[in-house]
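Trainee: Chain residues, written in single-letter form:
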Amino acid sequence: MEIEGLERIVREHPFFAGLEEGAGRLLVGCARNARFEAGQYLFHEGDAADELYLLRQGRVGLGITAPGRGALTFQTLGSGEVVGLSWLLPPYRWSYDAKALELTRAISLDAKCLRQKCDADHDLGYELMKRFMPVLVARLHATRLQMLDVYGTHG
Amino acid sequence: MEAIDQAYRCAHAAARVENPYGSASPGCRRLRAVEDSVLTTAGLQALIDALGRRGYRVIGPTVRGETIVYEEISSVEDLPRGWTDSQDAGRYRLARRGDDALFGFAVGAHSWKRFLHPPLLELSRAEGTGDALHIAPTEERIEPLAFIGVRACELHAIGIQDRVFLGGAHVDPHYRARREGCFLVAVNCGTAGGTCFCVSMQCGPRASRGYDLALTEIRSGTEHLFYLEAGSALGGTIAGPLPRRAATEQERLAAEAVTEHTAASMGRQMRADDVRELLLRNLEHPRWENVAERCLSCGNCTMVCPTCFCTAVEETSDLVSGASTRTQRWDSCFTLEFSHVHGGSVRSSARSRYRQWLMHKLATWHDQFGTSGCVGCGRCITWCPAAIDLTEEVSAIRKSESG
Amino acid sequence: MDETASPVALGAAADPMLPRLARVQRRRREAPQVWTLELENGGEQRGPGFEAGQFNMLGIPGIGEVPISLSGDPADPARLLHTIRAVGPVSTALTRLACGERVALRGPFGTGWPLLEAAGKDVIAVAGGLGLAPLRPALHALRAARARLGRVIVLYGARSPQEILFRRELESWQRGVDFEVEITVDHALGDWHGHVGVVTRLIERAKLDPARALALTCGPEVMMRFAIAALRHAGLGEEQIFLSMERNMQCAVGLCGHCQFGPLLLCRDGPVLRLDRLGGLIGRKEI
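Residue numbers (my numbering), protein chains in the order written: chain Y, 1 to 155; chain Z, 156 to 558; chain S, 559 to 845.
In short, the hints are calculated from the structure, not lab data.
Remember, it's a predicted structure, so these values are computed and weren't measured experimentally.
Among these hints, one or two may not hold up.
Think about it this way: if two alpha-carbon atoms lie no more than 20 Å apart in a straight line, the pair counts; the simulated EDC-like pairs of lysine to aspartate or glutamate are [stated by the list, open to error]:
| # | chain 1 | residue 1 | chain 2 | residue 2 |
| --- | --- | --- | --- | --- |
| 1 | S | 843 | Z | 191 |
| 2 | S | 765 | S | 727 |
| 3 | Y | 117 | Y | 20 |
| 4 | Y | 117 | Y | 127 |
| 5 | Y | 112 | Y | 50 |
| 6 | S | 679 | S | 721 |
| 7 | Y | 112 | Y | 45 |
| 8 | S | 679 | S | 796 |
| 9 | S | 843 | Z | 439 |
| 10 | S | 765 | Y | 12 |
| 11 | Y | 112 | Y | 123 |
| 12 | Y | 117 | Y | 102 |
| 13 | Y | 112 | Y | 47 |
| 14 | S | 843 | Z | 469 |
| 15 | S | 843 | Z | 448 |
Short derived list, chain Z residues pointing at chain S, Cβ under 8 Å [to be verified]:
| # | residue |
| --- | --- |
| 16 | 279 |
| 17 | 281 |
| 18 | 288 |
| 19 | 290 |
| 20 | 292 |
| 21 | 323 |
| 22 | 324 |
| 23 | 325 |
| 24 | 327 |
| 25 | 451 |
| 26 | 466 |
| 27 | 485 |
| 28 | 488 |
| 29 | 503 |
C-beta atoms are modelled at their ideal positions from N, C-alpha and C, and glycine is treated no differently.
When you get a sec, could you build the whole thing from the sequences and use the hints?
Mentor: What follows is the structure in structure tokens.
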């Protein structure tokens, strides 16, 4: 696909709404299209966290496989959302599995490329931090609510 | 803060209900069914006898051990002649008076609610199993009651419970059956108790309405008399044939002076006009923590309070016959179980339970029933083993609102 | 009044604590420890109907009585459905009743969901766990009045796929055109391909138009608090949000004092309440 088309897709993705032109062009250098069939893994627990995904269509389940319990999903993500946060910090390894639950189209960003560009351009780095932090906070908040097991019987 | 106030007002608006009660309700004007008169002690005995002949069970104050209680009486000799009470926070003692007044005391641990809203009541019985299962309400034959010696604060308390049990969408048939036939002989207080604050709550000391007859104990010359006023048609009917004579102007003034003197010697006071808003503004005031350190959650206050009405519904099975009964008993919001839901209590701290009781009594009662829940009788102060005084608690919150 | 005062005999008329007996017609297991009991409403002498959101007191003589929301279609009052989770002695005994046995019933009591107000609006129902049961009558009524409404969105959160209540019905609504249905679970095994995560996330994704929205929420109090926060964040005002509150309930007729929630008696002023009537009480501890 042409760079211009890809740049437009990146810019139009809700996650990057309002991103200024220069930053957009820097990002698109790390971007490419990705597609996963239903049942296909985006990444596995323990793999190197080299890519992150901006979902455009479909549904991805985050989970882990526990002995005796099988594959457990604790979060699903859909279009407009971002998959992959462990690329942000060392040791840059995925903590869980991510599997497409249905046909999923995404933009994948090369995490190494992105980290290098952020080191070189701190303004870009700060822009990205401002976007990833709310996602982290919201997920933490939601996870805590899940932990409370409010639908269970207590006492 | 405004939002809370608005919320509370919405509930308040729904609480305005008619008191469906007849002539003996607190809402009526004093009827001059018979002219004011005076009775001697013999005349008072004649009143008790007349009530007995009419089939009433006469209840009045009497000394039992170290306190004055309300029990069935048949004679003026049963009344606490020459006795008074000395009351303070967490303290109640009987003491001898210098005279032979029959009603020279304030109120004790009993209130009239034990007769109108009994502590334990069997509601229904279930018998049989399967298709033979049958549930029937427990029949009661209730003897009509006549209360002698109802204080002004107690008249107000009865009026408050009338509104709770008779003024809502659902009427309590047990309360109604007892209340409907009840004959009230009020007594205007000649002595203010150490913990009384009926003046602050505008509930006394003068009985102004809601009684069938009212007595004020006076001295006229050397005579020991009872100034008698009729407050209802029935009161007039019963008073009519009693051995009495018309009251003189001097005797009328003497009767008025009695309650004026009592009003001037209240044991406690509490500014009541703004207490609802004050407490609503201070749901998290540190004073609640402070009182929780002293409060034992024993529930004495709810037992002695003449307006507290909460009950628990319980089922018990008879293992032998297989029948089961549903009973209703007095409950207290101070128990942990009171607010039990989903395996735990909503109000698990003593702090939250004391707050619930006081807020209900002085604030949310207005929203639910249109009046304060407190009549200023002081019982909760007297009978608290930790000597907690709600007038002091309210005052402390008011003084340090920002605290 | 009579010359002599006569004793009063207390009769059975107008005794709000006296139950009637209702026969169990049908029972169905909805989820682990959750059963729906269908009671016959009166037989030859039909009992009163009910409003969506109301509850009955169901009792077993000798054991006790508990408040259970009606979970059936209010347009079919011959059948009184109650969805019960077995958590204590009374509810467990209720879930063990066989067809043909009778249960002691009082009611219906309480306030219902504001269905009349929904005309012309987008309705969003946010339910969690057992909270779907008191909302189900409203959903049936909304379906019947579909033409008068805008969007109807149903968001439901359960602990796991096995604990989804009325699953077949929800999934058939999901496939249909009347409702937009999203179901989410807190955690799931591999064969669940639906949403996993808290139900509050789905509120954001619903892209509500705050000018037209009316929200109905029911579930554990914690879940309702978070749902309310998400609805407010989406632009809804307090007067557009309704919830169903729960407290200890004994007499259900406003005479025993147990169900107090601030100035409100939930058996009479609730259980369905408009959020602005609570004056912030829902966030307060131990009220």
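Trainee: For each hint, tell me whether it holds in the structure or not.
Mentor: How the hints compare with the structure:
1. 843/S - 191/Z: It is violated: about 56 Å lies between the C-alpha atoms, which goes past 20 Å.
2. 765/S - 727/S: violated (24 Å)
3. 117/Y - 20/Y: holds (16 Å)
4. 117/Y - 127/Y: holds (12 Å)
5. 112/Y - 50/Y: Distance ~6 Å between residue 112/Y and residue 50/Y Cα, so the pair holds.
6. 679/S - 721/S: Violated, at about 31 Å.
7. 112/Y - 45/Y: Roughly 18 Å between the alpha carbons, so the hint for residue 112/Y and residue 45/Y holds.
8. 679/S - 796/S: holds (16 Å)
9. 843/S - 439/Z: holds (10 Å)
10. 765/S - 12/Y: Holds: residue 765/S and residue 12/Y sit about 18 Å apart, inside 20 Å.
11. 112/Y - 123/Y: holds (17 Å)
12. 117/Y - 102/Y: violated (33 Å)
13. 112/Y - 47/Y: holds (14 Å)
14. 843/S - 469/Z: Cα-Cα ~28 Å, so violated.
15. 843/S - 448/Z: Holds - the C-alpha atoms of residue 448/Z and residue 843/S are around 18 Å apart, at most 20 Å.
16. 279: The hint holds - residue 279/Z has a Cβ within 8 Å of chain S, the shortest such distance being about 6 Å.
17. 281: holds (3 Å)
18. 288: holds (6 Å)
19. 290: With a closest approach of 6 Å, the residue 290/Z hint holds.
20. 292: holds (5 Å)
21. 323: holds (5 Å)
22. 324: It holds, given that the least Cβ distance between residue 324/Z and chain S is near 7 Å, below 8 Å.
23. 325: holds (4 Å)
24. 327: holds (5 Å)
25. 451: Violated, because the Cβ-Cβ distance from residue 451/Z to chain S comes to roughly 18 Å (cut-off 8 Å).
26. 466: holds (5 Å)
27. 485: Violated: closest Cβ of chain S sits about 10 Å from residue 485/Z, beyond 8 Å.
28. 488: holds (7 Å)
29. 503: holds (7 Å)
Going down the numbered hints, you'll see the structure goes against 1, 2, 6, 12, 14, 25, 27, while the others check out.
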